[in-house]
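Asker: Okay, here's what each chain looks like letter by letter:
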Amino acid sequence: MNTPLSWIRAYVPDLTCGDKEYMDAMTLSGTKVEGFTRLDKNLENIVVGKIEKIERHPDADKLIICQVNIGIQTIQIVTGAPNLKEGDYVPTVLDGGRVAGGHDGGPLPENGIKIKAGKLRGIESNGMMCSIEELGSSRDFYPEAPENGVYVFQKEVTPGEDAVAALGLHDTVVEYEVTSNRVDCYSVLGIAREAAATFRKPFHAPKVVAEGNGEDVNNYVSVEVQDTKLCTRYCARVCKNIKIAPSPEWMQRRLAACGIRPINNLVDITNYVMMEYGQPMHAYDLNMVAGHKIIVRRAQDGDEFCTLDGQVRMLDADMLMICDAEKEIGLAGIMGGENSKITDEVQTVLFEAATFNGANIRRSSKRVGLRTDASGIFEKGLDARNAEAAINRACQLIEELGCGEVVSGLVDVKAPFAPLREIAFEPERINKFLGTEIAREEMLAIFDRLELFYNADTGMITAPSFRQDVECFADIAEEVARFYGYDKIPTTLPSGEAMTGKLPFKLRIEEKARDIAEYCGFSQGMCYSFESPKVFDKLLLPMDSPLRQTVTISNPLGEDFSVMRTISLNGILTSLATNYNRRNKNVRLYELGNIYIPKSVPVVDYPDERMQFTLGMYGDGDFFTMKGVVEEFLEHIGMKHKATYDPDAGKPFLHPGRQALIQYDDTVIGYLGEIHPEVADNYDIDTKVYVAVLDMPEILPFASFDRKYEGIAKYPAVSRDISMVVPKSVLVGDIEKIICQRGGKILEDYQLFDIYEGEQIKEGFKSVAYSITFRAKDRTLEESDVSGAMKKILNGLEGLGIELRA
Amino acid sequence: MKEKLEKIKAEAIRQISTSDALDKLNDVRVNFLGKKGELTAVLKSMKEVAPEDRPKVGQLVNEAREEIERVLEEARAGMEKKLREAKMKAEVIDVTLPAQKNNVGHRHPNTIALEEVERIFIGMGYEVVEGPEIEKDYYNFEALNIPADHPAKDEQDTFYVNADILLRTQTSGVQVHEMEKGRLPIRMIAPGRVFRADEVDATHSPSFHQIEGLVIDKNITFADLKGTLAEFAKELFGEDTKVKFRPHHFPFTEPSAEMDVSCFKCGGRGCRFCKGEGWIEILGCGMVHPKVLKMCNINPEEYTGFAFGVGLERIALLKYEIDDMRLLYENDIRFLKQF
Chain A
1 MNTPLSWIRA
11 YVPDLTCGDK
21 EYMDAMTLSG
31 TKVEGFTRLD
41 KNLENIVVGK
51 IEKIERHPDA
61 DKLIICQVNI
71 GIQTIQIVTG
81 APNLKEGDYV
91 PTVLDGGRVA
101 GGHDGGPLPE
111 NGIKIKAGKL
121 RGIESNGMMC
131 SIEELGSSRD
141 FYPEAPENGV
151 YVFQKEVTPG
161 EDAVAALGLH
171 DTVVEYEVTS
181 NRVDCYSVLG
191 IAREAAATFR
201 KPFHAPKVVA
211 EGNGEDVNNY
221 VSVEVQDTKL
231 CTRYCARVCK
241 NIKIAPSPEW
251 MQRRLAACGI
261 RPINNLVDIT
271 NYVMMEYGQP
281 MHAYDLNMVA
291 GHKIIVRRAQ
301 DGDEFCTLDG
311 QVRMLDADML
321 MICDAEKEIG
331 LAGIMGGENS
341 KITDEVQTVL
351 FEAATFNGAN
361 IRRSSKRVGL
371 RTDASGIFEK
381 GLDARNAEAA
391 INRACQLIEE
401 LGCGEVVSGL
411 VDVKAPFAPL
421 REIAFEPERI
431 NKFLGTEIAR
441 EEMLAIFDRL
451 ELFYNADTGM
461 ITAPSFRQDV
471 ECFADIAEEV
481 ARFYGYDKIP
491 TTLPSGEAMT
501 GKLPFKLRIE
511 EKARDIAEYC
521 GFSQGMCYSF
531 ESPKVFDKLL
541 LPMDSPLRQT
551 VTISNPLGED
561 FSVMRTISLN
571 GILTSLATNY
581 NRRNKNVRLY
591 ELGNIYIPKS
601 VPVVDYPDER
611 MQFTLGMYGD
621 GDFFTMKGVV
631 EEFLEHIGMK
641 HKATYDPDAG
651 KPFLHPGRQA
661 LIQYDDTVIG
671 YLGEIHPEVA
681 DNYDIDTKVY
691 VAVLDMPEIL
701 PFASFDRKYE
711 GIAKYPAVSR
721 DISMVVPKSV
731 LVGDIEKIIC
741 QRGGKILEDY
751 QLFDIYEGEQ
761 IKEGFKSVAY
771 SITFRAKDRT
781 LEESDVSGAM
791 KKILNGLEGL
801 GIELRA
Chain B
1 MKEKLEKIKA
11 EAIRQISTSD
21 ALDKLNDVRV
31 NFLGKKGELT
41 AVLKSMKEVA
51 PEDRPKVGQL
61 VNEAREEIER
71 VLEEARAGME
81 KKLREAKMKA
91 EVIDVTLPAQ
101 KNNVGHRHPN
111 TIALEEVERI
121 FIGMGYEVVE
131 GPEIEKDYYN
141 FEALNIPADH
151 PAKDEQDTFY
161 VNADILLRTQ
171 TSGVQVHEME
181 KGRLPIRMIA
191 PGRVFRADEV
201 DATHSPSFHQ
211 IEGLVIDKNI
221 TFADLKGTLA
231 EFAKELFGED
241 TKVKFRPHHF
251 PFTEPSAEMD
261 VSCFKCGGRG
271 CRFCKGEGWI
281 EILGCGMVHP
291 KVLKMCNINP
301 EEYTGFAFGV
311 GLERIALLKY
321 EIDDMRLLYE
331 NDIRFLKQF
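Residue numbers (the working numbering), protein chains in the order written: chain A, 1 to 806; chain B, 1 to 339.
Since the hints were made in silico from the structure, they are not lab data.
These figures come from a predicted structure and were not determined experimentally.
Think of the CB as a built atom: it goes at the ideal place given N, C-alpha and C, for glycine as much as any other residue.
None of the hints are false.
Interface residues of chain A toward chain B, partial, derived using beta-carbon atoms under 8 Å: (1) S29; (2) S180; (3) G435; (4) A481; (5) A498; (6) N555; (7) N594; (8) V603; (9) Y606.
As a list, the in silico BS3-like pairs of lysine-lysine whose alpha-carbon atoms are at most 30 Å apart: (10) B:K275 x A:K32; (11) B:K181 x A:K506; (12) A:K502 x B:K234.
Here chain B is said to cover these stretches of chain A; the calculated rule only asks that three of the stretch's residues, wherever they fall, bring their Cβ under 8 Å from a Cβ of chain B: (13) 490-496; (14) 525-537.
Work out the full structure: start from the sequences and follow the hints.
Answerer: In structure tokens form, the structure reads like this:
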């Protein structure tokens, strides 16, 4: 919301502070000022000049030579402006002065443009006559300015007077960020009230008198409100003999400064009152209102209605309509209808100032897809008491501006007002709550400034009707805090019993995951939680894959962000692809992020959010590098058993011969593998990519930070090497399982030290060699211990169709 | 006898002094002190010495032996030292050759900032908790005093799954989950991912992170809120950081405030970084609204509390001077390696 400071000063005449001081103080008392613009920025040494004489330039067809009377003297100025005649009064910048911008109306340079005397095609020119754009404004705000040329004053001015003042540009436009709870501050009066309280100056509300011509408005119009829940008040007044004309300059300037383009006196008055009182108004041509009757009722499902922007809107039974005796003439609180639109031929105007249910307006505005200045204010829920003041103010302006004749009386249909809120005044509790020692009297003085009425007999504070946000003790405390000053409230730390800070186990494990991934050369990426359903095709998931059952966003930013991921790979593959595409070598990334598995489709409850530890890499390293990272991680989170790997992982996005489920104590905790070349193609990665995905919820029950020292072996170990020829189909995992199962208590370790296939080994077989270590904790092993264990292992291996080599 | 010993000793020392290698020294040791060495031979001939002279001669032999051993040891040590020096001289390397690194990976700047924030609050006795990212309308809005039809609920801001389930737009819902557990007092922070329907650009992302804070106890004051967050700002941005609280409005706190910190680039004088303001807006906070407490079955007459919410990306972007939010989700290794 923007307002000129001069308009605020109109109601707080004693406000004398500078712009910056105003901005800071208002912000600290709760009316945040986002910034301000001085309208006279860079306008220096600009006076009113009267063109006494115009001659043609001897050497340039498009230039003229003007003798300009600037009060104390007459100076010569050469210009190319096409719109000037002798006798015109124009803003004239003198030698050494400054203007805000160029005549093309482009962006204003920070320091404006300095004007110096000089020669134009050989003729001396001692200044410049200014267009409205050069003065930093535009024709939107000064509609009387010519489309191309120098601004010519339409009003009476004197040569030599300050032209910037004459244009009303010695002002500052302040931009506020009004919070949604302070609907009263979406108005000049609301902000002026806050300014008065902030600077402890008196607030002068406008005196509204609009008696009218003595006729009775009830002879002109009747109002019936059928839905008093959605329309709590409807005020109507009538003005006749309307003369449409431009509104006076002061009103145009104020509206322009608020960013509202002046149109004509009638439209400007409704906009002016909306700005001033925060009450949107509407004006109907009474002659277009059938039966001179207003009925406020809901629309019917399927009705169509053409709003005054010419668009046909679909209605439903939740939308509130303003109707006449025959038809709908306005979409309540949002926009009037084309069928009752005011034209320049209007003779009699019906003013409407109403209070509608904010939530209903918001819903309707959303459903018809039309949000207007009015609906934006109505949807915050207005003070019904304000409507009458606003409509009377509009009628007063009609009279003052000579825009028409006001018919006496007000048609006022309203539900009973909500009672004013009363809140107990508890000064000790306020101090205890804020941590302050503010005197009771100081609090009362603050209430006084805010028009919060304190009744000493009952001990209650009554909030004025425009302060709908003041509801309870905490609100009263806030009023005290913000006018006492947030900065003056002390800073302390919470008392009470000391508490132990902690990071929960799950997050500690995730921290470990980050550490290990990084030690292993992986950097952390972050990926979106939502992605395109096309991802499932890119990952070659079959149509009936349960992973295609997703939590789906009903209003996504687009299909590419429409489903919550059920698999974490797309993020890491996309990131690897980005790096590959940018020719980054040897990239290793990891991510810790959730997948979202719906418990049912459609979703009716919280989905299962599963943290995934996802690793991906290309460049140096292979499947076993990735496997190593997985095992480092498991080892460091206290998972000491050996993980096992099942090659029948069934992951369509992985290379069929290079994938494995990772199992720990017979639980699947994740998978790893090489990305299927077709999937790599889908991501435009032309090299081998390896990934591992660990499902953290499955890992957590096995993880632990408990450690126990098991001693360092005192007795010597005995090693045996075995070398065998095994069918290719036998996995070393199977061999290791046998070694493990049969090695007995004395088995300490086993290491694969050679694996070979090719020459010297028969077709379909491979040669595998292990070094197996035995050790007892309490004695030196006997030869018989070792040979017994070895025999058991060898028997087991023979069962797999394995032949021992010499 | 004595002369003989002196002669042997002198000969030994002479040979030692002319030895130029360790093996030659060893020869000297064997020749004089070994089993068949000259001194040993003298000892062996003791039986020829009169019994009364034997102790004396024995002593003389031992003295000669010790002396030879001492000189031998000295020579050996000197020689070894020289050898080692020569060896090291030959081992000179070019220390400016490139390092062999382990290529340790890098943490995401968001995580670095988050861990910093967590460290500060854990130190102040806060527990880190988590809540669901896909949330019910009740927790994201209603229980936070944002009733149906509140503008903040506008569909333009919130991603909905259906009328009741949505992607959380703020971590504030975790407050409600935590208060509902009924365990008081509470000191928690809840970091997490949140979602808003903003198109991606340099300063917006439809997915970002917040850190929610909540303290509920008897006698918690607005002054405690100020003190806690001032302490946090100092820890995060440096001891000289000043804070400023401005009144604001959040439906779930009353009174509410926004906190600015003095610009840590210019110290508050005003620079391009803080757009000349000298202050940078960092978080929103306030005293927990009595309505919110009541909805969580906490008696606002007995308990009070404060809450705050910090944008993690905002901190990361500010602290590390990252000028485009999109970089955070691109995962270009050249970006990540800088953290």
